[in-house]
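Following the hints, put chain B in place on chain A, whose structure we already have.
In case you want the letters, here they are:
Protein chains: 2
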Amino acid sequence: MIHLLYKSSYVFVVFYYVIIPLGYLTKWWVSVEKMKGNSTILVTGGAGYVGSHTVVELLKNNYTVIAIDNNVNCYATGKDKPESLKRVEKITGESVTYYNVDIRDKEALDKVFKLHKIDSVIHFAALKAVGESVQIPLTYYQNNVGGSSTLFEVMAKNGVKKLVFSSSATVYGTPQFLPITEKHPTGQGCTNPYGKTKYFVEEILKDVCTSDSDWKVVLLRYFNPVGAHESGLIGEDPSGIPNNLMPYISQVAVGRREKLQVFGSDYPTVDGTGVRDYIHISDLAIGHLKALERMLQPHYTSWKAYNLGTGRGYSVLEMVKAFSEVSGRQIKYELVERREGDIAACYADASLARAELNWTATRDIKAMCRDTWNWQKKNPKGFQTS
Amino acid sequence: MIHLLYKSSYVFVVFYYVIIPLGYLTKWWVSVEKMKGNSTILVTGGAGYVGSHTVVELLKNNYTVIAIDNNVNCYATGKDKPESLKRVEKITGESVTYYNVDIRDKEALDKVFKLHKIDSVIHFAALKAVGESVQIPLTYYQNNVGGSSTLFEVMAKNGVKKLVFSSSATVYGTPQFLPITEKHPTGQGCTNPYGKTKYFVEEILKDVCTSDSDWKVVLLRYFNPVGAHESGLIGEDPSGIPNNLMPYISQVAVGRREKLQVFGSDYPTVDGTGVRDYIHISDLAIGHLKALERMLQPHYTSWKAYNLGTGRGYSVLEMVKAFSEVSGRQIKYELVERREGDIAACYADASLARAELNWTATRDIKAMCRDTWNWQKKNPKGFQTS
Chain A
1 MIHLLYKSSY VFVVFYYVII PLGYLTKWWV SVEKMKGNST ILVTGGAGYV
51 GSHTVVELLK NNYTVIAIDN NVNCYATGKD KPESLKRVEK ITGESVTYYN
101 VDIRDKEALD KVFKLHKIDS VIHFAALKAV GESVQIPLTY YQNNVGGSST
151 LFEVMAKNGV KKLVFSSSAT VYGTPQFLPI TEKHPTGQGC TNPYGKTKYF
201 VEEILKDVCT SDSDWKVVLL RYFNPVGAHE SGLIGEDPSG IPNNLMPYIS
251 QVAVGRREKL QVFGSDYPTV DGTGVRDYIH ISDLAIGHLK ALERMLQPHY
301 TSWKAYNLGT GRGYSVLEMV KAFSEVSGRQ IKYELVERRE GDIAACYADA
351 SLARAELNWT ATRDIKAMCR DTWNWQKKNP KGFQTS
Chain B
1 MIHLLYKSSY VFVVFYYVII PLGYLTKWWV SVEKMKGNST ILVTGGAGYV
51 GSHTVVELLK NNYTVIAIDN NVNCYATGKD KPESLKRVEK ITGESVTYYN
101 VDIRDKEALD KVFKLHKIDS VIHFAALKAV GESVQIPLTY YQNNVGGSST
151 LFEVMAKNGV KKLVFSSSAT VYGTPQFLPI TEKHPTGQGC TNPYGKTKYF
201 VEEILKDVCT SDSDWKVVLL RYFNPVGAHE SGLIGEDPSG IPNNLMPYIS
251 QVAVGRREKL QVFGSDYPTV DGTGVRDYIH ISDLAIGHLK ALERMLQPHY
301 TSWKAYNLGT GRGYSVLEMV KAFSEVSGRQ IKYELVERRE GDIAACYADA
351 SLARAELNWT ATRDIKAMCR DTWNWQKKNP KGFQTS
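So the protein lines, in turn, are chains A and B. Sequential numbering from 1 applies to the first sequence in the UniProt record's numbering. Sequential numbering from 1 applies to the second sequence in the UniProt record's numbering.
In isolation and in its complexed conformation, chain A is listed as follows (with noise of 0.2 Å):
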């Protein structure tokens, strides 16, 4: 008795604590397999900086890829294919679908809706410089709140309710602790209409998600993304003066400006210029995939919020040091006056995506370095060189 007892508590232990979970593993297991090999993924803003790096790892990992821009901020003849796309088709050898669109067009985007049948969207078209938002606040909000919600709008009447969404560390304002996790306070002391912009569509999308338990959205807070593909072909391109450091220091490392300024030299950090995280690009846009994935996990609804960054803070001069090991020129820089607005340190806790995501970055500030150098030499005016 007492070891038929044990026998069929034996059975049981067996069944629930292997069986079962092993049947939600391969149904998971199956479900992103299948994902992978078919799903079609529309890509807004797909022609940017972080869009044209997502496009990459998508078509490497078989998915079909749907990219759309409005091209006001990427280099294109007209509405054709902008020049980045062109890129990433070589190279991946494969061929991207694309529309200029923009995605406060609810009829031309309904369309690309009614022509293909997406399975989940990717969504990063914004304007992005911080400095502009202040000058044009209306023209932010509308295209990104506005364009944001006409596209969520739209996804729904097309019964598509799965989405990425491109946030940023912004919506967490002044740090009130370090590093910052995903459970900081958002949308206080968010000092410019940017970051405004981007916690507001955080904070519609969570209502999206309370009124429809359908929808599965994964907030992706990044970092500062830096670097370029290793192949050269693509990188950052910023029109005019650019508003962030790396490209800042390689135009200068190029020639294409004099020097570097540096704001603030007193700030409470390593060598008293500001600390930041610094992450590559190639590693954000792998960071879309594994978001993509989490959102077919068994039981994933509505949302959740995911810091995209190393987790660990490089200073200014730490970064002009990378710089200028990595491609042997030497950066001029001057140490001026703080900026307003602007922060001693900001850095991850990157250790939640890890845990739930799978990912973790992986190339070092080297790397970043390298890849930013590099294409920089191969293209010393951006897009337009070509």
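In short, the hints are calculated from the structure, not lab data. Take the hints with a grain of salt, since some may be wrong.
Identical chains share a label here; the pair holds if one copy fits it or two copies do between them.
Straight line, CA to CA, 30 Å or less: simulated BS3-like cross-link-like pairs of lysine-lysine [what the hints assert, rightly or not]: (1) Lys-381 x Lys-111; (2) Lys-106 x Lys-79; (3) Lys-321 x Lys-378; (4) Lys-157 x Lys-106; (5) Lys-111 x Lys-161; (6) Lys-206 x Lys-183; (7) Lys-106 x Lys-206; (8) Lys-366 x Lys-206; (9) Lys-27 x Lys-161; (10) Lys-111 x Lys-216; (11) Lys-161 x Lys-106; (12) Lys-90 x Lys-366; (13) Lys-377 x Lys-304; (14) Lys-79 x Lys-183.
Relative to the frame of chain A, chain B by itself:
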């Protein structure tokens, strides 16, 4: 010599402390009077509850009114002038220019600005049902946020940069202290999309003011508007089951609903039921005129927020009792469970509006109940009665 010195400093004092301030005051008074006589105010959502009562006060004060509405939440035959505005004309003996325009329609809005020399805008147009906003958030964001930003864009394009915005005490979220002053944090703990849309629009307006110093904006944060015009010709006309207490009470009194459900009777308040700051709709309407005048004061720039409330709260049962006394009807009610997201008490510190807008609520709870009851009796089915 001493006598001369004494005399000249006397002249100085008179000049600096009497003549110059008098000059400013005169300039301001003239501009206010001039505006009253001539200026044309565009009222968006002019056919709504707060809109129509404000139009009455504007006409009484010799403003020219252009009202627009999309007729979604008011009684009208198709796109014709809504019944509420016809009643406004009856009350005032003045005519109201009306256009059936949705604030999301940029071209239609622009036409209105081209047809009339508009001086300032009072912006009411918005969806306002809290419960509905949870169900269809995108519709709320597109109407309230998207529509507002389209309106502001068309205003700027036409050089009209004076705006009074119909905001709400919901931007304060759950009160951190009572009474609520304008310095209370906003946007934190706004639990529903409706409240968030009001908060988002406030933030957009702040950014617009930062980007362009020509803008003058007043944000009016309403507490709980109740009552009706003393004529009984216009009042609140909710479609379907009322969301707010007063229309519900009056529909019970008139026999249209069986009984009132009182959500929560164990709050730490005078009698355990929720306490709110009710304000008579005509007092609220006058607040908008005072806001217009404030915008014309010398040196008024950028934006400022004002609470419009009485500064004292009444409990649900106090309101029921007052309404019962005024109407002579028994109001059947039952005490039920608290409703999720409701708070115990919320009332305004209204001293800033008193000091700077020269405005204070003058109508008491008796007037609120009397005028609601008068409107309800004369229009048991709202505007549809006629």
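Here's how the hints hold up against the structure:
Taking the shortest Cα distances, Lys-381 and Lys-111 never come within 30 Å of each other, neither inside one copy (35 Å) nor across copies (44 Å). In this assembly of identical chains, Lys-106 and Lys-79 lie within 30 Å of each other by CA distance both inside one copy and across copies; the values are 18 Å within and 24 Å between. Taking CA atoms no more than 30 Å apart as the test, Lys-321 paired with Lys-378 passes inside one copy only; the shortest distance there is 21 Å, against 80 Å between copies. Taking the closest pair of Cα atoms, Lys-157 and Lys-106 come within 30 Å of each other both inside a single copy (11 Å) and across two copies (23 Å).
Proximity of Lys-111 and Lys-161 under a CA criterion of 30 Å is satisfied intra-copy only: 17 Å inside one chain copy versus 37 Å between copies. Taking the shortest alpha-carbon separations for Lys-206 and Lys-183, both the intra-copy value of 15 Å and the inter-copy value of 27 Å come in at or below 30 Å. Within a single copy, Lys-106 and Lys-206 get their C-alpha atoms as close as 22 Å, and across copies as close as 28 Å, so both meet the 30 Å cut-off. Neither within a single protomer nor between protomers do Lys-366 and Lys-206 lie at most 30 Å apart by alpha-carbon distance, with minima of 38 Å and 42 Å respectively.
For the identical chains of this complex, Lys-27 and Lys-161 are intra-copy neighbours only, at 20 Å inside a copy versus 58 Å across copies, given an alpha-carbon limit of 30 Å. Only within a single protomer do Lys-111 and Lys-216 lie at most 30 Å apart by alpha-carbon distance; the minimum there is 23 Å, versus 41 Å between protomers. Taking CA atoms no more than 30 Å apart as the test, Lys-161 paired with Lys-106 passes in both settings, with 17 Å inside one copy and 29 Å between copies. Within a single copy, Lys-90 and Lys-366 get their C-alpha atoms as close as 25 Å, which meets the 30 Å cut-off; across copies the closest is 77 Å, which misses it.
Taking the shortest alpha-carbon separations for Lys-377 and Lys-304, neither the intra-copy value of 39 Å nor the inter-copy value of 51 Å comes in at or below 30 Å. Taking the shortest alpha-carbon separations for Lys-79 and Lys-183, neither the intra-copy value of 41 Å nor the inter-copy value of 48 Å comes in at or below 30 Å.
Hints 1, 8, 13, 14, counting from the list given before, are not met by this structure.
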